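Colleague: So you can see what is in the structure, the chains are spelled out below.
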Amino acid sequence: MSDAGTSNTPGSNAISIRDLVVDYGPRRILSDVDLDIPMGQIMVIMGQSGAGKTTLLRCMLGLKKPTSGSINILGTDIATAKQRDINKVRKQIGVAFQGGALFSSMSVAENIQLALREHTNLDEKTIEIMTRIKLDMVNMLAAENLMPAELSGGMTKRAALARAIIMDPKLLFFDEPSAGLDPSTAADLDQLIITLKNTMRMTIIVVTHELDSIFKIADHIAVVSAGRILATGTPQEITASTDPEIQGMLKRKPRETIIDTDAHLARLVGGQA
Amino acid sequence: MDSSMECTLKSETGFDLLELSGEVDLHFSPKLREKILGSLKIGNPLLIDMENVSYIDSSGIASLVEGFQTAKSSKLAYGLLNISPTALQVLTLTRLDKIFNLFSSTEQFKQQL
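First to last, the sequence lines map onto chains A and B. Using this note's numbering, you'd call the opening residue of the first sequence number 1 and step up by one each time. Using this note's numbering, you'd call the opening residue of the second sequence number 274 and step up by one each time.
FYI, nobody ran anything at the bench for these hints, they're computed from the structure. Keep in mind the model is a prediction, meaning the values are calculated, not measured. Mixed in with the good hints, there may be bad ones.
As the list claims (entries may be wrong) - Only pairs whose alpha carbons sit at most 25 Å apart, straight line, appear in this in silico DSS-like list of lysine-lysine: (1) K64(A) / K88(A); (2) K383(B) / K125(A); (3) K283(B) / K314(B); (4) K197(A) / K371(B); (5) K348(B) / K314(B); (6) K125(A) / K91(A); (7) K125(A) / K304(B); (8) K371(B) / K91(A); (9) K314(B) / K345(B); (10) K345(B) / K88(A); (11) K383(B) / K371(B); (12) K64(A) / K91(A); (13) K283(B) / K308(B); (14) K216(A) / K197(A); (15) K125(A) / K314(B); (16) K308(B) / K383(B); (17) K345(B) / K304(B); (18) K345(B) / K283(B); (19) K308(B) / K125(A); (20) K304(B) / K314(B); (21) K125(A) / K82(A); (22) K88(A) / K65(A); (23) K383(B) / K283(B); (24) K348(B) / K125(A); (25) K65(A) / K82(A); (26) K345(B) / K125(A).
Please build the complete structure, drawing on both the sequences and the hints.
Modeller: Laid out in structure tokens, this is it:
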């Protein structure tokens, strides 16, 4: 087991996962996952639906206790840490969920301010200005008093991003940023993610299967398949991979091209094939 | 995560000089705000030396913005000195580089008084 990075300096790891196993009942969802995410870089976790991406994300957020293994985040192994220590780590993490997850009864500004009011003693004026700074960053300043129901899909994602970065987190998780967006809005969001990394010193973990977005924003890619890390590398290294499954994903081949016939038959008819 | 900020207020001829160093984050921005507003409340023009600021988050930027607004309404000179490239990037992202008065020397600021 290698040492996880514990400092906040470039070159160390923000996240280091070793031998991660997650079972849901009798089903093994993640098997022997090892993954290092360097500080200050964008890691894209890609894979097809059901590959285990969301479970891996939930484990990194401390929302799912693994069956075994370690998940070292900013120096704390959240797989074994006490809840109090996990909460400390969480204060350094921002999450933008796929659907936005904004509170419908609160305005955009109130949604964004929530964490500051819960976790800091900052004065009202500072909170107001910070909120407007973040809204300006995501080009949503004019929408601060709107309610979530009044927002388009792209605006909802940008509002969710503003909320995720309100505490200037060291780690930002973004689940499917481009899903459901038109190409122009998706490209704007990709550029914003890159800008946040460059200016706010954030380590950003993006879970997506949108190829255009992946190759635009990623410093590193982890390919997840059937609960395992199939490959990790730079976009160039992943593109050059000769693995047929990775090439299938990159060329958007139907997954049946690499089907395990017996296993698939067993899934369809039940029991052993 | 350890972080630290030094914040020293010096009285110069005709203005106050606030020297910052280290990381300005959620923990230290209230202290920064107190120093900025305290100096402006007395009625002194204020120059904030940011040469040794290695990182400033949005709570720190918010304190600078509030100071700017207070100085403007009190008709006091207010500027940022020797802003580091890292801090400038954050200001640029929020388009505040176009709003703040940025100076590369104390003499330059004195000419505004």
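Colleague: Now tell me if each hint is right for this structure.
Modeller: Evaluated hints:
1. K64(A) / K88(A): Given pair K64(A), K88(A) holds - Cα atoms ~17 Å apart, limit 25 Å.
2. K383(B) / K125(A): The hint is violated at about 29 Å.
3. K283(B) / K314(B): Holds, because 15 Å separates the two Cα atoms, which is no more than 25 Å.
4. K197(A) / K371(B): 22 Å, holds
5. K348(B) / K314(B): 12 Å, holds
6. K125(A) / K91(A): 21 Å, holds
7. K125(A) / K304(B): 14 Å, holds
8. K371(B) / K91(A): 32 Å, violated
9. K314(B) / K345(B): Answer holds: K314(B) to K345(B) is near 12 Å, not above 25 Å.
10. K345(B) / K88(A): Violated: K345(B) and K88(A) sit about 39 Å apart, past 25 Å.
11. K383(B) / K371(B): Since the Cα atoms of K383(B) and K371(B) sit roughly 20 Å apart, the hinted pair holds (cutoff 25 Å).
12. K64(A) / K91(A): 17 Å, holds
13. K283(B) / K308(B): 11 Å, holds
14. K216(A) / K197(A): This hinted pair holds, its Cα atoms lying about 13 Å apart.
15. K125(A) / K314(B): 16 Å, holds
16. K308(B) / K383(B): 20 Å, holds
17. K345(B) / K304(B): 21 Å, holds
18. K345(B) / K283(B): Holds, because 21 Å separates the two Cα atoms, which is no more than 25 Å.
19. K308(B) / K125(A): Answer holds: K308(B) to K125(A) is near 15 Å, not above 25 Å.
20. K304(B) / K314(B): 15 Å, holds
21. K125(A) / K82(A): 35 Å, violated
22. K88(A) / K65(A): With a Cα-Cα distance of about 17 Å, the restraint between K88(A) and K65(A) holds, given a limit of 25 Å.
23. K383(B) / K283(B): 15 Å, holds
24. K348(B) / K125(A): Between K348(B) and K125(A) the Cα gap is close to 20 Å, so the pair holds against 25 Å.
25. K65(A) / K82(A): 12 Å, holds
26. K345(B) / K125(A): 16 Å, holds
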